[in-house]
Amino acid sequence: MRRGLGLLAVACATLGAALSHAGVTQAPAVNDAVILEEGFARALSEYGFFANGAQQLPGAGVTPYALNTPLWSDGAEKLRFIYLPQGTQLVADADGLLQFPVGAAIIKTFAFGEGKARRLIETRLLLHRKDGWTALPYRWNAEQTEATLALAGGRIDLTTPAGEAISYAIPNKNQCKACHSKDGVVIPIGPKARNLSAEWLGQMAKRGVLDTVPAGADSLPDWRNHATGPAAPLARAYLDVNCAHCHQPGGGASNSGLDLRWEQDDPHAIGIMKRPVAAGRGAGGHEFSILPGAPDQSILLYRMDSAEPGIAMPEIGKSSVDREGGAVVRRWILEMQQ
Amino acid sequence: MKRLIMAAALLASAAPLAAEIHTIAPGEGSAERLQEALILAAPGDEVVLEAGRFVLTDGLSLDVEGVTVRGAGPALSILDFTAQAGAGEGLLVTSDNVTLRDFAVENPKGDGIKSKGADNIVYHRIRVTWTGGPKAENGAYGIYPVESTGVLVSHSEVSGASDAGIYVGQSSKITVRNSIATDNVAGIEIENSRDAIVTQNYVTRNTGGILVFDLPGLPVMGGGNVLITNNLVAGNNTPNFAPPGNIVAGVPRGTGIMVMANEQVWIEDNVVQDNPTAPFMVVAYTQQFDDARYNPFAREVVIADNVVDAGATDPDLPGGAMLLAAFGGTLPPIMWDGLQQDADTPALLTIPGNPGWSLNLSRQGQSLAEAQPGPLDVPAYGQPWMMDGIGAPAELEARLK
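Listed in order, the protein sequences are those of chains A and B. Here the first sequence stands for residues 2 to 339, numbered as in my numbering. Here the second sequence stands for residues 59 to 459, numbered as in my numbering.
In case anyone wonders, no lab produced these hints; they're calculated from the structure. All C-beta atoms in this analysis are idealised placements derived from N, C-alpha and C, irrespective of residue type, glycine included. Watch out, some of these pointers could steer you wrong.
[Stated by the list, open to error] Taking beta-carbon pairs under 7 Å as the criterion, some of the chain A residues facing chain B (in silico):
(1) L152
(2) G164
(3) A166
(4) A170
(5) N175
(6) S255
(7) N256
(8) G281
(9) G286
(10) P310
(11) G311
(12) E316
[Unchecked claim] Sample of chain B residues lacking proximity to chain A, with all beta carbon distances greater than 12 Å (derived):
(13) G85
(14) D348
(15) R357
(16) P390
(17) A456
[Claimed, not checked] Label-pair distances were calculated between CB atoms; the ranges are:
(18) A:N226 x B:G280: 41 to 51 Å
(19) B:G87 x A:R130: 23 to 33 Å
(20) A:L335 x B:I409: 21 to 31 Å
(21) B:T140 x A:A143: 25 to 35 Å
(22) A:D212 x B:T140: 31 to 41 Å
(23) B:L134 x A:D158: 46 to 56 Å
(24) B:G308 x A:V103: 46 to 56 Å
(25) B:A77 x A:A67: 42 to 52 Å
Can you make the complete structure from the sequences, with help from the hints?
Structure representation (structure tokens):
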């Protein structure tokens with residue numbers, strides 16, 4: 002029998018081990034073998050990324066980070082960390098991308114609710130193994146003592162910070178790859194030098210866990226200024242972070258011809274006067290992705306402002322509409338010369 | 059430490075072992091069991107859908123090479139997406155050498171089955187149905203392979219798509235055969251693709267039957283080498299229900315076989331009946347574009363011998379009634395816009411005695427209002443060009459044996 006172990010059987014067997022991790026407060030060492038070995042750990046605690054999982058206190062070698070402009074996920078609070086094995090460092094390449102050593106991990110926990118009411122929903126991992134990156138979703142239990150592997154994803158009813166009751170979708174393993182993929186290979190998409198603060202990068206370099214702060218670092222605008230900052234850079238940063246992982250050559254939506262990367266400067270490629278290809282009813286009766294000066298006749302904003310499957314963009318990772326993101330993109334399109 | 063061992067890794071060193079079969083029954087938890095099987099399957103494995111209705115609220119996806127997903131039959135194993143709450147399609151395939159067969163997808167919110175960058179894919183006895191009939195709220199494409207080399211669609215059936223039922227885009231080495239497309243805006247569409255055979259299909263009650271298009275501004279352009287033979291293209295007269303803005307929203311109700319841009323399309327031995335705007339339509343790309351790589355003209359489209367009725371009796375064209383009066387009550391079967399790249403590159407060739415008419419437009423993108431309709435005057439074709447090596451690779455056909 003080639004694959005005798007069912008997931009359920011493994012789940013039962015690991016339950017005891019998993020529970021024994023709960024409540025550990027002393028910073029444990031991260032278990033490098035679990036990151037590197039074939040297979041998928043059933044419980045998040047097996048990796049040892051957290052000194053305290055429920056409180057999201059990082060363990061040794063695990064560093065929190067934040068992004069200038071973050072990906073929006075139904076308004077979830079995100080707790081981001083990277084883990085670097087002892088004696089390794091990040092290397093900034095010529096394009097300003099951070100190259101992670103084998104054995105590194107990127108950890109992102111999604112939470113809803115403030116203060117004591119905060120609930121951890123899921124933690125997504127990107128593990129850098131010898132044969133490349135592996136993406137895995139873990140779902141937190143109701144007791145907040147452990148997160149278990151959710152290969153097939155799942156749904157959970159919750160209320161967003163905007164007060165909307167939604168069915169929140171935890172992505173399945175393939176959907177992780179749907180975003181974290183270029184030319185069919187899994188890659189990290191968040192921690193690019195241009196979307197990290199100079200301060201954080203400087204600290205990392207000072208600690209010797211980053212070789213150098215690359216040119217172009219910290220160039221994306223700080224999204225906290227979204228309401229008042231200049232619209233164009235904010236909108237382009239938002240589209241880069243929220244859309245360009247699919248909408249770029251080699252990405253999941255390459256066939257659309259729409260390329261929303263920050264560095265793309267061809268107006269047609271970013272959607273200006275670009276006709277739809279396979280938008281279907283997602284076009285909403287509009288003729289162009291972006292019609293300058295006319296946000297209400299622009300397919301791009303129409304799809305951002307929808308939560309209905311078949312119309313909504315992004316296709317996965319959202320069950321509600323990002324009003325703040327939409328407002329910035331609206332402002333940007335409105336400013337364009339007709 | 060208990061670990062879940064990834065099967066694929068074991069397989070790598072034990073390749074001769076027989077492929078494993080993962081059987082999924084409908085009912086409680088079937089969505090999760092099915093998606094888990096699609097993730098954990100190893101190359102060569104088969105995921106079997108037992109007969110019954112699988113109720114799904116999220117899109118499914120497959121990213122493992124060489125997997126077969128097999129149901130009990132397109133009437134028996136049904137993936138029901140009526141309550142779908144997420145994802146852009148019912149099933150997404152992103153790996154090569156996949157075979158999908160003997161199951162149905164109903165009422166997906168977006169596309170039915172999309173395979174992207176998935177080379178050598180087979181769709182066999184697949185049914186995609188929007189059960190409420192033609193509606194603008196239906197998803198765009200039923201069967202939707204894109205950016206792939208090697209595509210075989212056979213014995214499949216799509217109805218209700220608000221764009222194209224069977225749509226192959228930005229691909230090459232394609233065969234669509236023995237399939238049924240009804241009640242879609244476009245029955246079968248081959249777009250920005252090369253080396254395609256469309257044969258022995260039944261295409262009816264769509265707005266337009268079979269479309270061969272090439273569009274600007276896309277990563278893959280330059281469609282051509284398409285053979286359309288032995289299809290029954292009849293009674294395509296459904297009012298266009300595509301959401302405005304989409305290219306097919308411009309297809310007139312009552313179009314049989316339509317070619318827009320493209321080079322070398324051979325149309326022969328089809329039965330083309332009761333398509334009251336145009337049994338055959340050959341045109342240049344109709345809109346403005348800004349793409350130096352793109353050729354908007356039809357080049358060497360051959361309409362050879364087909365079984366066709368007298369022509370169009372109820373054209374969905376501006377000034378249709380006047381046109382009918384001018385042509386004595388029936389527009390002859392071939393409609394051409396009159397545009398071609400240059401005198402040495404004819405847009406359209408046909409056999410002597412194949413009647414048609416031309417809009418006699420003089421420049422690409424010109425309004426139909428400026429047409430000066432007149433009789434068709436195009437060259438006769440010579441010998442058929444070499445079409446060897448087009449269509450799906452033999453290996454895909456062999457999988458069905």
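Verification of the supplied hints:
| no. | hint | result |
| --- | --- | --- |
| 1 | L152 | 5 Å, holds |
| 2 | G164 | 19 Å, violated |
| 3 | A166 | 13 Å, violated |
| 4 | A170 | 5 Å, holds |
| 5 | N175 | 4 Å, holds |
| 6 | S255 | 6 Å, holds |
| 7 | N256 | 5 Å, holds |
| 8 | G281 | 3 Å, holds |
| 9 | G286 | 4 Å, holds |
| 10 | P310 | 4 Å, holds |
| 11 | G311 | 4 Å, holds |
| 12 | E316 | 4 Å, holds |
| 13 | G85 | 16 Å, holds |
| 14 | D348 | 6 Å, violated |
| 15 | R357 | 22 Å, holds |
| 16 | P390 | 32 Å, holds |
| 17 | A456 | 25 Å, holds |
| 18 | A:N226 x B:G280: 41 to 51 Å | 45 Å, holds |
| 19 | B:G87 x A:R130: 23 to 33 Å | 30 Å, holds |
| 20 | A:L335 x B:I409: 21 to 31 Å | 56 Å, violated |
| 21 | B:T140 x A:A143: 25 to 35 Å | 30 Å, holds |
| 22 | A:D212 x B:T140: 31 to 41 Å | 54 Å, violated |
| 23 | B:L134 x A:D158: 46 to 56 Å | 33 Å, violated |
| 24 | B:G308 x A:V103: 46 to 56 Å | 52 Å, holds |
| 25 | B:A77 x A:A67: 42 to 52 Å | 46 Å, holds |
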